[in-house]
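> Protein chains in written order, with our numbering: chain A, 1 to 86; chain B, 101 to 186; chain C, 201 to 286; chain D, 301 to 386; chain E, 401 to 486; chain F, 501 to 586; chain G, 601 to 686.
In case anyone wonders, no lab produced these hints; they're calculated from the structure. Bear in mind the structure is a predicted one, so any value in this text is a computation, not a measurement. There may be inaccurate statements among the hints.
[To be verified] Cβ-to-Cβ under 7 angstroms is the rule here; a few derived chain E residues that face chain D:
hint : residue
1    : L406
2    : L410
3    : L462
4    : N471
5    : I472
6    : C473
7    : M474
8    : L475
9    : V476
10   : P477
[As the list claims (entries may be wrong)] Computed Cβ-Cβ distance ranges for the label pairs, DEER-style:
hint : chain 1 : residue 1 : chain 2 : residue 2 : range
11   : E       : D426      : D       : L306      : 25 to 35 angstroms
12   : G       : E609      : D       : A354      : 13 to 23 angstroms
13   : F       : I552      : G       : N625      : 18 to 28 angstroms
Note that beta-carbon positions come from the ideal geometry of N, C-alpha and C, so glycine has one too.
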Amino acid sequence: MASQILPLELIDRCIGSRIWVIMKNDREFTGTLLGFDDFVNMVLEDVIEFEITADGIKKNKLAQTLLNGNNICMLVPGSDGPESHS
Amino acid sequence: MASQILPLELIDRCIGSRIWVIMKNDREFTGTLLGFDDFVNMVLEDVIEFEITADGIKKNKLAQTLLNGNNICMLVPGSDGPESHS
Amino acid sequence: MASQILPLELIDRCIGSRIWVIMKNDREFTGTLLGFDDFVNMVLEDVIEFEITADGIKKNKLAQTLLNGNNICMLVPGSDGPESHS
Amino acid sequence: MASQILPLELIDRCIGSRIWVIMKNDREFTGTLLGFDDFVNMVLEDVIEFEITADGIKKNKLAQTLLNGNNICMLVPGSDGPESHS
Amino acid sequence: MASQILPLELIDRCIGSRIWVIMKNDREFTGTLLGFDDFVNMVLEDVIEFEITADGIKKNKLAQTLLNGNNICMLVPGSDGPESHS
Amino acid sequence: MASQILPLELIDRCIGSRIWVIMKNDREFTGTLLGFDDFVNMVLEDVIEFEITADGIKKNKLAQTLLNGNNICMLVPGSDGPESHS
Amino acid sequence: MASQILPLELIDRCIGSRIWVIMKNDREFTGTLLGFDDFVNMVLEDVIEFEITADGIKKNKLAQTLLNGNNICMLVPGSDGPESHS
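Construct the entire structure; sequences and hints are all you get.
This is the structure in structure tokens:
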């Protein structure tokens, strides 16, 4: 087997850093990762929720937020969210 | 591994405090957290349900309420709900 | 850990009392709780189903009813259902 | 713990009697319960399927039918189905 | 406990006979049951798929077909499918 | 119990042969089966994806493809796909 | 049993190579596979997300990305994504 980066190892390296999270229901968040568990439930801090509307992206600020790992679709470590990719 | 806050540890710290819960079906509640279990089923007290309608946010008051953890999308400890973030 | 009310403990206290149940598919019921199991499957008696229509709330009476716990979204002990909260 | 009726106990008492079953996808059946297993898969006999249409309720007769317990939303023992409740 | 017919026992009796299968996504099949496993995955032979369209029922013939048990909603042993019930 | 063909046994016999796979989200593929595991994840080769559009069936060619067993609805061994059944 | 390629074996061979991933919610990505785990959670690098719109395919570039295996529908090793198949 080739040397590889395991998914949980990647998440663990992100603790203390910004991460972009896209949920299965298309909600999107960025925040500083404070912790996670084996179900990839995640605790984020200094969170921004992005609402993608017809008029552009609207941002809501949240403090500490816990996301249900079962509802997470994808993670992008080190990203500032949907505005930084186009 | 960096020092971190585990998700269940964050919920445990919230007992006795207000919490904002957003369900997978977009129902939203705030309440005082009375307890939870390993499936993150939650007991809330002094609950407000927020209905987001075209005319604004409508509030319904509920007493003790039990939420199915399997249906929870995200939690925001210490928050007064959708009106306090914009 | 702070002293807390566990979700199953709350349900157990409701046996013999009225309870309002909202399903994941938005069906709503009130009834007297006769019993439940570890999957939160519930047996209710003297059940009223609430159909929320454009013309208001329509009620259907049912006798003993068994609800699949996997399909339950939330429970409100002691409540008379959607009409008593507004 | 108060004395209670367990969900599987209620189903067991229904063997040989009529039962009304509402599936998660809103299909509705009545039939005589012949048996069930731990997943609440059910065998019914002399089954009537109710199709709720804009023109009223249409009935289809089926002989023995097996229902996937995972897809069942609720059960009403002793009921003749949607027409008997209104 | 009353004497009863277990769901898997009913399926086992159907081996070699025609069976009508309705999937959760409303696809419908009849076929001769060749085998099944504990997940109620099923092998059918001489299969007819029924497409229910606005113009009536359209039939497609298939040879051996394997159906994912997890996606099955209900089974009607001995039936020739939707045309034989009305 | 009557002699029967187990579902995994049927799949195992298909290795090296063409198979038609219909996913839960209605995507359809044919390909040569190279392998599978206990979750019925499948490896196909010389794959054709069928897009059923209002203008007829459009085909896309793919090389080796891995399908998530959890998302598979049905399998038809030996079939050339939707065009060969009507 | 015929000699075969196991699904996880195919993924393991892809480490260090390009792979095309199609999610259950129809999001599509290509990237270099850095690692995966038993749940087929995947770490990709140099990721392109493909948005299929009425005006054609729009591409977004992402750095390292983690995809939830539970949400993956299919994988095509060695592919450059939707543009290379038609």
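> Hint by hint, which ones does the structure fall short of?
Numbers 3, 4, 12 - these are the hints that the structure violates, sorted from lowest upward.
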